[in-house]
Each structure stands twice: as C-alpha cells, then as structure tokens.
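Novice: The numbering of the sequence shown is our numbering, which starts it at 2 and goes up by one.
Simulated from the structure, these hints should not be mistaken for lab results. Being a predicted model, the structure only gives us computed values, none of them experimental. Treat the hints with caution; some may be incorrect.
Unchecked claim - Simulated pairs of lysine to any residue, SDA-like, Cα-Cα distance not exceeding 20 Å: (1) K198 <-> N108; (2) K212 <-> N193; (3) K198 <-> P224; (4) K200 <-> M230; (5) K200 <-> R231; (6) K212 <-> L188; (7) K198 <-> I186; (8) K198 <-> I172; (9) K212 <-> I226; (10) K198 <-> L215; (11) K198 <-> I210; (12) K200 <-> I109; (13) K200 <-> T302; (14) K198 <-> H219; (15) K198 <-> D233; (16) K200 <-> T288.
Said to hold, decoys possible - Simulated restraints, written as ranges between beta carbons of each label pair: (17) S31 <-> E236: 37 to 43 Å; (18) I205 <-> G129: 46 to 52 Å; (19) G202 <-> E25: 38 to 44 Å; (20) A184 <-> T127: 37 to 43 Å; (21) D290 <-> N70: 15 to 21 Å.
For glycine and all other residues, C-beta sits at the position ideal for the given N, C-alpha and C.
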Amino acid sequence: MKRLYLSAILILCSALGCYAAEEEVEIAASWGTISATLATPEGGSDTAILIIAGSGPTDRNGNSSMNLNTYTYKMLSDGLTAEGFAVMRYDKRAIGLSHYPTEEIPNILFDDFVDDAALCAEYLRTRGFSRIILAGHSEGGEIALLVATERDVTIDGIVLLSAAGFPMDEILRWQLTEQLMPAHIGLLVTANNLILKLKHGEYIAEESIPKELLSLFHPRVQPFIISCMRHDPREIAARCTQPMLIISGGRDIQVTVANGEALLAAQPYAEHVTFEAMSHVLKDAATTDRMEQLVSVYTNTQLPLTEGLTSRIAQFINNI
Numbered sequence: 002m003k004r005l006y007l008s009a010i011l012i013l014c015s016a017l018g019c020y021a022a023e024e025e026v027e028i029a030a031s032w033g034t035i036s037a038t039l040a041t042p043e044g045g046s047d048t049a050i051l052i053i054a055g056s057g058p059t060d061r062n063g064n065s066s067m068n069l070n071t072y073t074y075k076m077l078s079d080g081l082t083a084e085g086f087a088v089m090r091y092d093k094r095a096i097g098l099s100h101y102p103t104e105e106i107p108n109i110l111f112d113d114f115v116d117d118a119a120l121c122a123e124y125l126r127t128r129g130f131s132r133i134i135l136a137g138h139s140e141g142g143e144i145a146l147l148v149a150t151e152r153d154v155t156i157d158g159i160v161l162l163s164a165a166g167f168p169m170d171e172i173l174r175w176q177l178t179e180q181l182m183p184a185h186i187g188l189l190v191t192a193n194n195l196i197l198k199l200k201h202g203e204y205i206a207e208e209s210i211p212k213e214l215l216s217l218f219h220p221r222v223q224p225f226i227i228s229c230m231r232h233d234p235r236e237i238a239a240r241c242t243q244p245m246l247i248i249s250g251g252r253d254i255q256v257t258v259a260n261g262e263a264l265l266a267a268q269p270y271a272e273h274v275t276f277e278a279m280s281h282v283l284k285d286a287a288t289t290d291r292m293e294q295l296v297s298v299y300t301n302t303q304l305p306l307t308e309g310l311t312s313r314i315a316q317f318i319n320n321i
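Modelling step: build the complete structure from the supplied sequences, incorporating the hints.
Specialist: Listed below in structure tokens is the structure:
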C-alpha cells in the first residue's frame with residue numbers, strides 16, 4: 002500500500018441546507034501528489050463517490066483554462082453531499098495543484114489517468130468507506146469503466162455522466178463533422194485522414210498538420226490520443242459486473258444520447274436515463290446551437306445543475 006500524506010483544513014459550507022465538511026487531501030503517487038477535496042456530510046456516510054473529470058485541463062471543480070468555467074463538479078459534490086454521501090473530487094496529474102514535471106507532460110498516456118483514479122479509490126477505502134462509487138464525466142466515464150474492470154480495487158457502483166459510448170476516433174469524426182460541414186469539407190477530409198493514421202498508431206509530423214487542426218493533433222498530444230483510441234467503451238462496459246447508471250443529455254453538443262444507448266446495448270443490466278434539456282456540462286441549455294451553448298452555459302458559473310440530476314444519482318446508489 003502506497004504511503005498517503007494528508008493535510009486537513011476543515012471548511013464548513015452549506016449545500017442545499019445540509020452542512021458538509023470539506024477536507025483538502027493529498028494522495029501520494031509514483032510521480033508526485035494528487036491534490037483532492039473530500040466533502041463529508043454532517044453525521045458522516047458509509048458511501049464515498051469519486052468524481053472523475055472529463056478531458057482536457059479540467060480541474061476538480063469543473064473549470065479549465067480553455068474557456069470552461071462552470072463549477073460543475075463542485076456543484077455536483079455539494080448536491081450529492083446534501084443527499085448524504087461523501088464526495089471526493091481531484092485534480093488530474095498536471096492539472097491544478099496536482100503538479101507534474103512540465104517536460105514529462107507529453108508522455109502522459111490515457112492509462113496513467115486510470116492509475117490515478119484507482120489510487121484515489123484506494124485512498125477512500127483507507128478512510129473507512131464501505132462503498133465506493135465512481136462518477137465519471139465525459140472522458141472520465143471511460144476511466145471509471147477501466148478502473149472497475151482492470152485495476153485491483155473494489156468498486157461498488159458506476160455512474161457515467163455524458164460518457165462516450167464509442168471509441169475516440171469515432172467521437173472525433175462526429176464532432177469535427179458537426180463543426181466543419183459543409184463549409185470546410187476539405188479540412189474535414191484531412192482531419193479524417195489524420196485520425197485514421199493515429200488510430201493505426203502512426204505519428205504525424207507537425208508540418209503535415211494544417212494550422213486549423215494543429216491544437217487538436219499537435220505532436221505533443223499524439224501519444225495520448227493514440228493511447229485513447231486503443232479502448233472501446235462498449236467492450237469495457239460489457240465486462241463490468243458492478244451496478245451502472247448511464248446519464249445522457251438531450252442537448253449535449255459533444256456526446257450525444259446515442260452514446261448512452263450504445264453503452265446500454267453493451268451492458269443491458271445498466272440503467273439509462275436521459276435529461277432532455279441537459280448539456281454536456283450537466284446544466285440545462287435552451288438550444289443545441291454550439292456557439293450559443295458555449296456562451297450561455299459553458300462559461301456560466303451561476304447556472305445550476307440540471308434539476309433532478311443529483312437526486313436520480315442518489316436513488317441509484319441507495320438501491321445498490
């Protein structure tokens with residue numbers, strides 16, 4: 002068992018009328034320290050929920066430097082703590098306070114994030130929680146599935162929030178088609194060719210990537226992308242034996258309801274719930290227009306989570 006280092010600062014905060022203690026936690030990893038926040042409801046809980054963040058530089062609160070400012074994970078933690086569960090959210094390696102050597106960042110692979118999530122789940126066991134639930138958002142959903150099926154840690158339930166049901170290459174093709182068609186069909190053809198090469202494990206020189214696609218396919222991120230493309234969420238979900246709740250948003254512009262349906266088809270013992278107005282960041286959107294959502298939802302720190310989301314998760318956990 003890896004040695005754990007803790008720093009405890011208790012902060013009393015109100016969440017929907019229920020007081021919770023938030024404790025800053027540090028978890029030792031081979032590469033450094035995972036920085037996390039553990040919220041515990043007044044009176045304690047035998048169940049801990051681990052929130053696993055989505056893709057990109059998204060921190061423990063659900064914000065990032067890439068114009069994402071939602072506090073979604075903080076709100077989710079507050080809502081679930083109010084339902085009587087302990088909740089831990091953490092900064093992924095190289096994000097927020099989980100410091101990582103800058104020169105090593107291009108070498109991070111998808112499975113490294115799986116290892117870190119497993120460490121966090123192990124830590125929660127050491128804190129005495131008898132039930133551990135993984136709540137993976139977006140890319141974090143596939144991470145949760147891999148922790149449950151391929152890591153030596155006992156998981157009691159899985160919640161997949163706007164999680165991909167198709168391999169990364171298929172998701173990228175769909176997203177780029179939505180953004181580039183019909184005005185930029187030539188760029189889309191180039192992007193699809195790049196995706197095909199990465200799917201086959203082939204690295205692409207920077208000069209071969211159009212500048213419009215460079216941020217997405219830069220050589221620094223190619224090892225990570227290739228490692229992602231090796232996994233098919235449907236195959237992993239089919240191997241899961243834990244109770245599973247799949248939650249989709251009807252106005253999700255990044256991961257459509259079809260992804261949740263694909264996961265359910267792979268694991269028919271799961272539950273699948275769709276919130277018709279919910280966007281990818283777990284908040285209601287008035288439209289499916291991409292630019293309007295980015296302005297009105299993805300940068301709105303005051304917009305609440307979709308109504309009924311946390312209570313539906315609580316219902317699922319209480320029935321386990």
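Novice: Now, for every hint given, state plainly whether the structure supports it.
Specialist: Status of the hints after comparison with the structure:
Only pairs whose Cα atoms come within 20 Å are accepted, and K198 paired with N108 is accepted, the gap being roughly 19 Å. In summary, the hint linking K212 to N193 is supported, as the alpha carbons are separated by about 15 Å, within the 20 Å threshold. Distance restraint check for K198 and P224: the Cα-Cα separation of roughly 12 Å lies within the 20 Å cut-off, and the hinted pair is therefore satisfied. Distance hint between K200 and M230 is fulfilled; the C-alpha atoms sit about 6 Å from each other, no more than 20 Å.
For the proposed pair K200 and R231, the alpha carbon gap of about 8 Å is at most 20 Å, so the pair holds. Between the alpha carbons of K212 and L188 the distance comes to roughly 10 Å, so the proposed pair stays at or under 20 Å and holds. Simply put, K198 and I186 have alpha-carbon atoms about 19 Å apart, close enough for the 20 Å limit, and the pair holds. Between K198 and I172 the CA atoms are separated by roughly 15 Å; this keeps the pair inside 20 Å, and the hint holds.
About 18 Å separates the Cα atoms of K212 and I226, which keeps this hinted pair within 20 Å; it holds. Our distance criterion of 20 Å between C-alpha atoms is met by K198 and L215, whose separation comes to about 15 Å. Note on K198 and I210: the hinted pairing holds, with a Cα-Cα distance of about 12 Å set against a maximum of 20 Å. Annotation: proposed proximity of K200 to I109 holds, straight-line Cα distance about 17 Å (limit 20 Å).
Note on K200 and T302: the hinted pairing is violated, with a Cα-Cα distance of about 36 Å set against a maximum of 20 Å. Restraint check for K198 and H219: satisfied, since their Cα atoms lie roughly 13 Å apart, inside the 20 Å limit. Restraint check: the Cα-Cα separation between K198 and D233 comes to about 17 Å, which is no more than 20 Å; the hinted pair holds. A hinted pair counts as satisfied when its Cα atoms are at most 20 Å apart, and K200 with T288 does not qualify at roughly 33 Å.
At roughly 28 Å, the beta carbons of S31 and E236 sit outside the given window of 37 to 43 Å. Our hint of 46 to 52 Å for I205 and G129 holds, since their Cβ atoms are close to 48 Å apart. The hinted range of 38 to 44 Å is satisfied by G202 and E25, whose Cβ atoms lie roughly 40 Å apart. Between A184 and T127 the beta carbons are some 54 Å apart, a value that contradicts the proposed interval 37 to 43 Å.
Taking the beta carbon of each, D290 and N70 are about 19 Å apart, inside 15 to 21 Å as hinted.
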